[in-house]
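A.B. asks: Protein sequences appear in the order of chains A and B.
With our numbering, letter number 101 in the first sequence gets 101, and the count goes up by one each step, no holes.
With our numbering, letter number 231 in the second sequence gets 231, and the count goes up by one each step, no holes.
Treat the hints with care, as some may be off.
Only pairs whose alpha carbons sit at most 30 Å apart, straight line, appear in this in silico DSS-like list of lysine-lysine [unchecked claim]:
hint, chain 1, residue 1, chain 2, residue 2
1, A, Lys147, B, Lys120
2, A, Lys154, B, Lys126
3, B, Lys93, A, Lys147
4, B, Lys120, B, Lys93
5, B, Lys143, A, Lys154
6, B, Lys126, B, Lys93
7, A, Lys154, B, Lys259
8, B, Lys52, A, Lys154
9, A, Lys154, B, Lys120
10, B, Lys93, B, Lys143
11, B, Lys93, A, Lys154
12, B, Lys52, B, Lys143
13, A, Lys147, B, Lys126
Note that these hints are calculated values from the structure, not bench results.
All of these numbers come straight from a predicted model, not from anything done at the bench.
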Amino acid sequence: MKKSNAFLPLVGVAILLAVWGLATALKLVDPVLLPSPFATFRTLWEGMLSGKLGVDFLKTVMRTISSTAIAAVIAIPLGILLGSSEKLYRSVEFLIDFFRSTPASAMFPLFLVLFGVGDRTKISVAAFGAALVILFNVAYGVMNARKTRLLAAKVMGASRMRVLFDVMLLESLPQTFVGLRNGVSLALVIIVVAEMFIGSTDGLGQRVFEAQQLFDMPGMYAAIFAAGALGYSLNLLFLLIERRFVHWAGR
Amino acid sequence: MTILASSVASVPTDGFDESRRTAPHVTIRGLSKHYPDAVIYDRFDFDIPRGKLISVFGPNGCGKSTLINMIAGLVPADAGEVLFDGRPLSRVKFGYVFQNYREALFPWLPAFDNIAYPLKVMGVPKAEREQRVERLVAHLGVKIDLALYPYHLSGGQQQLVSIMRALIVEPEILFLDEPFSALDYEMTLFMRDQLQRVFMETKTTTVLVSHDLEEAVYLSDYVLLLSRHPARVVEFVPYDAPRPRTDKTLSESGFIATKAHCLQLFQREVRRG
């Protein structure tokens, strides 16, 4: 029973591949627009191992990770500071919500002016978007710390600083990880879009865009799958880290 | 019922200095507290006797929990004074057990570290912390795997860990706010006897807020019956059946008479409202 359940997620994948394979074999779709799964995955495999795709993949990984790291370094301490005083948070809440709702892509031209054409612009726009998501979650995590737990620490004679570090910080960790996961997903979206348009020469976004321009459909699908795999892996990575370090979440 | 019988240790209650027994431990004078919609306490005076287990019982919303929360400093009083042998709360070691053990324990620490945490706050070195927790565990005869995290323990075990966390500082006084009301009946019976055992072992002045009259009488030396708010002392009912009390105690005439007396006073109070 358990063993068969473990294979359930593969059923959907198998169905998709079967339908896709059948559609190309029976030539239901123009083969120029939709190459066979075999051709697509061969291109993906070869591109990742020896071609330019692997280089672009690594570029995008580097940019996404750096922007998330910068965002985390700025947003986590700031979120704790803002969250530890509800008055302070309420006074900047509108600004955070406003810029959190502003599409980060609308900020590209501004950041281009500030940082010029290059990695710095891409990374800083993505960091800007991710930082607001992380900040919001960390602050709420701290503000929603269980009152009983704070009282318990206080009753045991813990100072304000000790309550902050021993209780509030740990209380906010599950919510902080929610922020980090959302943040890294958003950073990837922004990086890929930035790679497509801002005079880029590399990265997965650039790869997809270029393949489309050259009508290299297997190459384009391969790059799309590479981007999907990257997004999924980053999310999974953060989930695994969360399970390891925030073992009490949801219990 | 085998749980009840086996968990009660028969420890003699000797070695207590008779002269100190008569002096009150905590003196409450002129305690006042109002909420926007009600005056809960208006110049409330009371003495808590030393080395006794007292239960606080009264109608809903009369301020049972507010009373111990004010004494323990969790809720500020509007006016009045609470002194422990003439000293303020800040100079007293005390323990407090919350009703909601799930939210009072630290889920990121194993049970052992939860118990040791108050010592860490006090700046006790790690080796001594561990020694003291182990001594307490042996003293109380607790059989829980303390390497587990709280969420892997049953509700009763978690509350027992909370009680040990309150006891680890060797408090002069122990407060418990409806500690068993989130547990099922079987676990409640077991935990009552665990608490009785802790009390017999440590003789710590204990104040228990309860909404269960049977539990209040069964565990206490005195039941403090409060009126509707503003709360007054309706009666301070003594109950001196010898410890350890067991399930047999529940059917003895002394227990039944005391409980009936409390119930009568309680119902009179409820009807007055």
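A.B. asks: Tell me, in ascending order, the numbers of any earlier hints that this structure violates.
C.D. replies: 7
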